[in-house]
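Please put together the full structure from these sequences, using the hints given.
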Amino acid sequence: DAGVIQSPRHEVTEMGQEVTLRCKPISGHDYLFWYRQTMMRGLELLIYFNNNVPIDDSGMPEDRFSAKMPNASFSTLKIQPSEPRDSAVYFCASSSRTEGNTIYFGEGSWLTVV
Amino acid sequence: AQKVTQAQTEISVVEKEDVTLDCVYETRDTTYYLFWYKQPPSGELVFLIRRNSFDEQNEISGRYSWNFQKSTSSFNFTITASQVVDSAVYFCALSEDNTGNQFYFGTGTSLTVIP
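Line by line, the protein sequences are chains A and B.
When we follow the numbering used here, the leftmost residue of the first sequence carries the number -1, and every step to the right adds one.
When we follow the numbering used here, the leftmost residue of the second sequence carries the number -17, and every step to the right adds one.
These are computed hints drawn from the structure, not numbers from a lab.
Hints are not guaranteed to be accurate.
[Unchecked claim] Computed from the model, here is a short list of chain A residues facing chain B with C-beta under 7 Å:
#: 1; residue: 38
#: 2; residue: 40
#: 3; residue: 41
#: 4; residue: 98
#: 5; residue: 99
#: 6; residue: 100
#: 7; residue: 103
#: 8; residue: 106
[Said to hold, decoys possible] Far from chain B, some chain A residues (derived; all Cβ distances over 10 Å):
#: 9; residue: 9
#: 10; residue: 26
#: 11; residue: 36
#: 12; residue: 66
#: 13; residue: 71
#: 14; residue: 110
#: 15; residue: 111
These numbers come from a predicted model, not from an experiment.
Ideal placement from N, C-alpha and C gives every residue a C-beta, glycine not left out.
Take a look at the structure:
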């Protein structure tokens, strides 16, 4: 079975540009999470969805960040405009209560903003 | 207060030594889940194990074993006969049944196995 699929795997962009990260969760999972990982702050939950509805976005750093889940098989995390401090690894993950809440992570999107 | 505490930031062991990674959690729920994840140098986060709060049986999987003790709110992870491939950051996590599947991760323990 396919796991969580993220794209792009790596992105280098210039400050001020828009960045869009994409995620396809595991089929049948009803929860989707976006995490950010940096050396300084560790693993941070940005936002999570249940049945395509955002449940908690309190971790979204500021208005430059937005996330959408238009359907059960696709989500985006957008940063506009991007700043160097946004450089991090962004993980998408999905889970299902029927699987004991286990979160399965994608391979991550490595973002560098120069 | 931290819901999941991994007090060991970094550990180094020599290959073939046993090593235990500590995890202490805090919850008032009676139904919850505990997890361990491995993050090797390549960066992906790999699920290792899940235990629910009603199952205190220890678990062994090859060289890996987990000791769940509700009395001390701990869920420790032991690697026996460590190998270089075990070098990674290991995260302990808690999910409470009444918080909509929200996860609480510890800060991770970086394990280096020296050949």
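Outcome of the hint check:
Nearest Cβ of chain B to the Cβ of residue 38 of chain A: about 12 Å, over the 7 Å cut. The hint is violated. A least Cβ separation of about 5 Å between residue 40 of chain A and chain B falls short of the 7 Å threshold, and the interface hint therefore holds. The restraint placing residue 41 of chain A at the interface with chain B holds, with a minimum CB-CB distance near 5 Å, inside the 7 Å limit. Using the Cβ-Cβ criterion of 7 Å, the hint placing residue 98 of chain A at the interface with chain B is satisfied: the shortest such distance is roughly 5 Å.
Taken as an interface hint, residue 99 of chain A checks out: its beta carbon lies about 4 Å from the nearest beta carbon of chain B, inside 7 Å. Residue-level restraint check for residue 100 of chain A holds (minimum Cβ-Cβ distance to chain B is 5 Å; threshold 7 Å). With 7 Å as the threshold, the beta carbon of residue 103 of chain A comes within range of chain B, its nearest partner Cβ sitting at about 4 Å, so the hint holds. Hint status for residue 106 of chain A: holds, given a least beta-carbon distance of 6 Å to chain B, under 7 Å.
The non-interface label for residue 9 of chain A is consistent with chain B: the shortest C-beta to C-beta separation is roughly 14 Å, beyond 10 Å. No beta-carbon of chain B is positioned within 10 Å of the beta-carbon of residue 26 of chain A; the least distance is around 15 Å. Residue 36 of chain A, annotated as away from the interface, keeps every beta carbon of chain B farther than 10 Å; the closest lies near 12 Å. The beta carbon of residue 66 of chain A sits about 19 Å from the closest Cβ of chain B, which is more than 10 Å, so the claim that it is off the interface holds.
At the 10 Å boundary, the C-beta of residue 71 of chain A stays outside the reach of chain B, the nearest C-beta of that chain being 18 Å off. Against the 10 Å criterion, residue 110 of chain A stays outside the reach of chain B, whose nearest CB is about 14 Å from its own CB. No beta-carbon of chain B comes within 10 Å of the beta-carbon of residue 111 of chain A; the shortest separation is about 18 Å.
Hint check: a violation occurs at hint 1 only; the rest are consistent with the structure.
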